[in-house]
Every structure is written in C-alpha cells, then in structure tokens.
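Trainee: Listed here are the chains, written in short residue letters.
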Amino acid sequence: MSGFPRAFAAMLRVNIANMIQYRAEILLWSVWGIVNPTVLYVMWASAAGGSDDGTVAGLDRNGVATYYFSIMIVGHVTAAWDVYEMSYLVRKGSLSPQLLRPILPIWNSITGNLAYKITTMMFVLPMWAVFFFIVRPHFSTQPWQFGLAAVALVLGAVLNYMMCYTVALIAFWATKLDAVGEIYFGLCMMLGGRVAPIAGLPPVVSELAAVLPFQWMFAFPAELLAGIVTTPQEAMAGLGMQAAWVALTIILFNVVWRAAIRRYSAVSG
Amino acid sequence: MPQIAVEQLSKVFKVPEREGGFIASMGSLFRRRYREVRAVADVSFGVEAGEIVGFLGPNGAGKTTTLKMLSGLLFPTGGKAEVLGHTPWKRESAYLRRISMLMGQRSQLQWDLPAMDSFQVHGAIYDIPKPQFQQTLDELIELLDISSVLKKQVRTLSLGERMKCEICVSLLHRPDVLFLDEPTIGVDIEMQARIRRFIGEYNARYGATIILTSHYMADVTALCKRIVVIDHGKLLFDGSLAELSTRMAPFKVIKIDLDRPVDDYAFAALGDVMSCDDQKVVLRVPRKAASTATAKLLNDLPILDLTIEDPPIEDVIARVFGTRESDSAGDGKASMAEATTRRVK
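From first to last, the protein sequence lines stand for chains A and B.
Position one of the first sequence corresponds to residue 804 (this note's numbering), numbered consecutively onward.
Position one of the second sequence corresponds to residue 61 (this note's numbering), numbered consecutively onward.
Everything labelled a hint here was simulated from the structure, so no lab data went into it.
Just so you know, not all the hints are guaranteed correct.
[To be verified] From chain A, some residues computed to sit far from chain B (all C-beta separations above 12 Å): (1) V880; (2) P946; (3) G950; (4) L1004; (5) F1056.
[Unchecked claim] Which residues of chain A face chain B? A partial, calculated answer using Cβ under 7 Å: (6) A820; (7) N865; (8) P900; (9) L902; (10) L903.
[As the list claims (entries may be wrong)] Computed footprint of chain B on chain A; a stretch qualifies when at least three of its residues, placed anywhere within it, have a C-beta under 8 Å from a C-beta of chain B: (11) 804-813; (12) 954-961; (13) 1038-1052.
By construction, the Cβ of each residue, glycine as well, lies at the ideal position given by its N, Cα and C atoms.
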C-alpha cells in the first residue's frame, strides 16, 4: 500500500490505538448514544399508547420501536463532533502540527471519527441487542430497503460529518464554539427526526426541515431501515437528495477551508 | 539563487484589547477595541542551501511569526517569500513534504501512545518507502540515543526525551529545509548540548538548510555562522557573529590573573574595569587599543596569566536590544541598530 491509502490506514490504526487507551470513556459515550433514543422511544411509545387511534406520527407502538431502534443505529453511525473540538484546536494552536503535514487535517479527524465508531462497536452491539430483545421492534423491511438503507446510512454519515466539520470552521473566526455546537446538535435533534419522527413535527417545523439537510442525515436512513419509505422511487429520490447535499457540503467545505487557513493565526506556538 | 528568499515580508495581527477590571469587561461586551500589531515589518533576507542561520530577538520580536509564514502556517499581510521554489502559504503538498518545522512548545507526537506509533504514521503520511524509513529511523534512533524510550507512552517521557522524539519525527522524511523554533527549550544543559550536536550532524550529513530560533546563545554560537537579528518585527542585523560583535560591541575583554594585588588606578587609563576581585581583574578596552593595552599590562604589572576575548554574545545581543529600546525612547543617541539596518539594506 502506498500514497493516500497508506496514510489513511496508518491514521486509522493510530486513532483506534488512541481510543483503546480510554476504554471507560468510550463505554460511557456508547451508553450516552443509547440513552437518548431510548428516552425518546419511551416517550413516543407512551404517547402512541395513550392516543385514540393508538398511533403517533402515523406509527403505532411497534412502529415507534422500529423507528427508534433504527434511529439508535443511525445516530451511532452518523455521529460527528468536530464542532466541539475545532475551537480547542484553533484556540490552543494545536492545529499547527497537523497543518504542517502534506495531508489535510480533516483526514485525521475522519479517521478519528471512524476509529470511534469501530472501537465502540464492541459496546454498542450488545446494547442494541438488549434494546432489541426488550422492545421487540418489528421490521417489515424488504431486502432492497435494507440495501438502500446501508447506502443512505453512509451518505447520512458523510453529510453530517461534512456539515459538522464545515460549521466547526467558524472557530477560525469566532474562537469559541461551544454554543454553536449546542445549536447544531439541537438542530440535528429537532429537524433531523430524532426528537420526533418528521411526520410528527408541527407543519411549520416540518416545512423548515424539508429545505434543510438534517432529515437527510438521520430521519431518511432511519425511515428506509424501518421500512417506512415504501417505494423505490421515494428511496431513490431520498438518496438523490442526500447525494446533492453531500456534494454541496463538500464544495462549501472547500470554500470555507481556504478562507479559514488564511485567517489562521497559529497562536501559542 | 538562495534556497530561501524573503522579500519585504510583513504580518499584521489585529488583536482585541481592553483595560483590566469588571467595568471594562462589561464595556467590551458592547464595544470591542482592536489594535493592530505589526509582528513582522518588511523583512528581507536570503538563505543559501546547506546554511544554518540563527534567528535572534527578544520575546515578541517576530521570529516565530516569520518561521510560521515560511513554513506555510500563516498567510503574510504583505511581501513575498520563496522556499525551495515554492510560495510557502500556498501549502502545496510537494512543498510540505520537503520541509519540517519543529516547535519546542508544540507536540507532533501522539500523547497517549508510544513514540514509535507516531513515527510510523509520519512515515505513512509522507509516503516514505519502507526501506528508507527504516534506515532513517535507525540512524535517528542511534544519533539521538532514544532506543530505550520508543516503547514508552509519550506522556510519560521526560521533557528531554520527548524533545528528542519530536526531533526524530520531524526529520524522518529527511526535510531539505528545517525550521527549528526553540528546539532546546526547557531541557537541561547536557541535553541541550546533545540536541545541538545532533542538529550539526544532521546538517552535515544531509546538507539541510536550517533556520533556528533560540534564547540560548550557546545554540546559536555552536551552530550558526550567520545570524539574523530581529526586533519589533524589523530586521536589525544580518551577518556573522563576529561581525555583530565587532559592530555592536567594539571592545575586547581582557582577563588578568595577577601575582599580587595592584591598585585599581593602574588599569583606569587602559579601559573600563568590569570587575576587580583581589588578584583577578576584568577589563574592557576598545578593540583598536587592545594590543597596546595588553603590551602595557604585560610590561608594567606582575601578570601571571592574561586572556583577550570577544565580549560574551549575550552582552552583544543585550546591547543591540538595549540600544533599540533607548532609540525608541527618543534619547537622540547615535543608533547602532540604525547602523546595522543600513548595512543590511
């Protein structure tokens, strides 16, 4: 192996080694990833049970279970957190050593992101299994839906990652980004169909969600996985939207990155 | 053609500022004041292939900012620079593969892992062919004497051990140009000497061009035939250490061991008495008068031993910056700094 694949593989290996140093930390993050959708499942399942027709946002209790089990998987696979880390790297000058290398710093961050997802598998898989056996979601998903859901999951992960990293570049102008991180996370939860399925959002919010990328990161892959997206046409249109947003965020990243490194003041050495 | 060519390079930072205290803090909520800091002001110089140049200046002089621009970390506000035929701040991969910047206060190593892991990632990122990587690594391990620390977590290493590993990782791809920013900061004297020796050996072995900043004059005197003095972002001097000494401190230091105590007035006519401790005397005499003064001392006084030295480089540098301070205070003295700047221009 040589060139970029060699560098990528080496960075991935070292990031996995780094993660393994802190097993307790990644266990706790894994738990955090499970708790959130579990709480929301309990809330919406109760709401469905208490409603007149036994449904909420068009889903019965079993549908809610299937949706939130899917959201649990999607949430893990698409997780991105650079908006919280970038301000530290910029403020402390820790980005400088990465900028001196002949490879964009984003690749170190991407391999770090993948390393987290790979190393936490040993914790999340048993947790998902426990959730599955307790909640008993029923998947009526067809093989073609599973296949396209896998593609949607990858595109959703790329989209959330690129958007999160691009937003994180605000750190080159604003220095501290904790609040931006919280806003971004809030938007992902609300407009991404994680707090509630998109169909259950108030009309004005769902209209807003329709023109923003968040539902294509989380809700769409989860709906495809849960079998809620029923026709191949709908599925292909959704994948097309994901691809378009991915292309747009990559272009946006390139533009913002060029401006950002011109701004970089390389403080503290 | 020089390997590093810098022309009228400038960098201005816009920094927020306010008075101390709660009221000023509240005020800055509504109205923020900024000040422009000219960190580097129209600096020009060139460095030939294989040269080691010492960059000297007090804290905040603009040394590190200049190196950061030359390594591509910072965009300049004005001016031009070419290193190895590249404009550094374009940050082309072909350029970054041929340089290295070692920042004494900034780690390139994976903190929680053994240093060897960082070396291997570095080898992969720079796509160093495996046999060459192994050969260079073996050489560096031997030269830096770090074989015993390679398996330890970086965060458990002593500062000196970590610095040597930082140097190792910086050099694995055999950079043609090396920017060393305080490479010996914080390490003990013995370690400083070893790092210094190593830098000299690396330069001799690979013909690398090196720009070095250090607050330790021993680093500079041991490694650099040429120095560039910078202060308040401006280039004050560019030449050899001996030249700087002659220009900035036009005197010699004569150290005398006497057979028996002698009255102070015996020396007063020859120069300034720097110290007089029983039978040991240190005199400062004008350069041109050094031989006459020496002859007179040997003829007239009971001398056991006598040495003539250039003034310590620390004193010379202190005079450069001291002169500059007094210039900016507007005391109207003839400016050595101006004289040297004229020479540079």
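Trainee: Against the structure shown, which of the earlier numbered hints fail to hold, in ascending order?
Mentor: 7, 12 and 13
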